[in-house]
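Work out the full structure: start from the sequences and follow the hints.
There are 2 protein chains.
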Amino acid sequence: MSELSSVALSLREGLRRLAKAVVVITCRHDGQRYAMAATAVSELSMEPPSLLICINRSASLHAPLSQGADFCVNILHSMHSDVSAACSGKARGEARFETGSWIDTEEGCPRLADAQASFLCRNVDAMDYGTHRIVIGQVEQVFLTGTVSPLIYADGRYFELGNPISVT
Amino acid sequence: MSELSSVALSLREGLRRLAKAVVVITCRHDGQRYAMAATAVSELSMEPPSLLICINRSASLHAPLSQGADFCVNILHSMHSDVSAACSGKARGEARFETGSWIDTEEGCPRLADAQASFLCRNVDAMDYGTHRIVIGQVEQVFLTGTVSPLIYADGRYFELGNPISVT
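If you're matching them up, the sequences are chains A and B in order. In terms of the working numbering, the first sequence is residues 1 to 168. In terms of the working numbering, the second sequence is residues 169 to 336.
Hints listed in this document are in silico derivations from the structure and should not be mistaken for laboratory results. For clarity, every value in this text was computed on a predicted model and none was experimentally measured. Hints may contain errors.
What follows is a set of in silico ranges between Cβ atoms, one per label pair, in the way DEER data are often shown [unchecked claim]:
#1 B/263 x A/60: 46 to 52 Å
#2 A/125 x B/228: 21 to 27 Å
#3 B/231 x A/147: 39 to 45 Å
#4 A/147 x B/172: 19 to 25 Å
#5 B/271 x A/140: 42 to 48 Å
#6 B/281 x A/13: 42 to 48 Å
#7 A/167 x B/276: 25 to 31 Å
#8 A/162 x B/290: 32 to 38 Å
#9 A/98 x B/263: 37 to 43 Å
#10 A/147 x B/335: 52 to 58 Å
#11 B/226 x A/147: 16 to 22 Å
By construction, the Cβ of each residue, glycine as well, lies at the ideal position given by its N, Cα and C atoms.
Put into structure tokens, the structure is as follows:
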């Protein structure tokens, strides 16, 4: 990997302040299951209902998603830091599914049974930029469980939601 | 506005769990200043250093950004709920800058002086999808202030970061 520019280093430092819910993106392709913890996810449009994810070319999910695999975006619960760790560490492929309670959708896509929310997405469009691919998913099905308590990543660590703030 | 489909309604419900730092996106175009609170922001690539924002066609920022205006993404501090409210409420144009401490960059783009981080972006690429436009900004300058304490939006409300969670 080449050295990052000074602007890239500053961007990385600044992004530690862009707190985000942690998700695990999953798919099944050619019979194999894939999972990756991520925060580069954004809501996109309500018509059609859609969201986007940004995937590094070096990620194992890049090949199946570039070949059009549908995918699931699972928002982790604050108790799921172990799932996030399993899906972002050294474990690869099936080993990532040893942590957490995974079930298959009708289409065979893995989803986390007790995720805060799971969005089952059809892979409908994409755009390459720099080291990454922006993949657009049209949301076809949504699963919700439990009350709102997402796992948050900021400043290089995991957090739970804190106190509510009222608008002054 | 047409009625949302049942999947869109479920997506909206699920997205309440995708906790996110609140940012204010700003630009100057034809001498006018624009500001909009948003959460549809994502890191994209480190080479080149870049991020993306998703802008509704109905937003006032849509026209200047579609015409290539450069922009600034300001991550709000937990004390900035008033700035978020001013930049997402009925106030339009200059009135949005009456709340918060705004200064101009050398290029004339407004930035929030005490934002957690401000990313000054060159408007380099875009893609339209559904009701929105994905705009890619190449980050040219980064400003950081204070310690890490972002304003978070989840479940329709503002929060501060809570307790850190250690990986078990």
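Subject >> Violated hints - listed by number, lowest first >> reply: 6, 9, 10 and 11
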